[in-house]
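K.L.:
Sequence:
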Amino acid sequence: MARTLYLLGGGVGVLVGLLLMGLSAVYLITSLHLRQSYTLHEVHLTLRADSATLAHGRHVATIRGCSDCHGADFGGQIFIDDPMMGRYAGPNLTRGGRGAVLTVADWERAVRHGVRNDGKPLRFMPAVEFNQLSDEDLTALIAYVRHLPPVDRPTIPIRIGPLGRLLHLQGNFPLLLTARLINHSAPHPPTMTPEPTAAYGAYLATSCSGCHGHGFSGGPIPGAPPEWPPAANLTPDPATGLGTWTETDFFRALREGKRPDGSTLNLQYMPVRFTSQMTDVEIRALWAFLQTLPPTPEGQH
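So the mapping is simple: the working numbering equals the position in the sequence shown, first residue as 1, plus 18.
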């Protein structure tokens, strides 16, 4: 009996040791990723602060969902707080916080590249969705946020939990360090003309890809807490996607949060508060783009 207990104890000790070694390796590798440095070519942008530019910047901030992470007043907020995944908060971007010291070049690096002014990667900054933001949209966005009233609220530090680190290494938490996913040398369009075309819709749809996936077929959202529902399939698949929808149905979903049968979308997760502010041209363009996608079964992301 004593020998059996000794062997069992030894086996448990080996397993605990292996587990600790594995956790240490996960922590070490993710820490190296967090300390990676990026050298970017500085882009020179000129800001305007006229009323039309500020109104356009507000519209860009709204339909791109910036307040989801940074709060309605852009003073920052916690949007995920889970003991295993970690705590993730958008910083205070107003002149009462980081906005007071950010240069235009700092803004460009952060929004388009997910990189701080010291070259290190930002955490949970969805820059992969904004990398192709046009100069016109980006400068309007920066001018708008700079114009907001200062908010006196400290930025809450981000804490990456053990599960968050593990999922990152597995490739299942892409939003943690989007700087690793971006082609930092890709050119950016100076402007994008709003028109009801698939090309303009594709430009807008990048903001949908974080949840619905780059193929837009939906499914479980990588890195999201387990209680979050899977994202819907936006491809024209007739069985699980939008194959039986009309453009009118699509308008109603984005403006009112209603499906074709009259049922209500999950408004806690589907950002109708943002999509309802899209113009008719923007919604038509988005619909035109989604119609060009191959019908794909739900869950392929």
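Some hints could be false.
Quick list of in silico lysine to aspartate or glutamate cross-link-like pairs, DMTMM-like style, CA-CA up to 25 Å [unchecked claim]: (1) Lys138 with Asp124; (2) Lys276 with Asp255; (3) Lys138 with Glu60; (4) Lys276 with Glu245; (5) Lys138 with Asp68; (6) Lys138 with Asp153; (7) Lys138 with Asp99; (8) Lys276 with Glu316; (9) Lys276 with Glu265; (10) Lys276 with Asp153.
Simulated from the structure, these hints should not be mistaken for laboratory data.
K.L.:
Could you tell me which of the hints above the structure violates, numbers in ascending order?
P.N.:
5, 10
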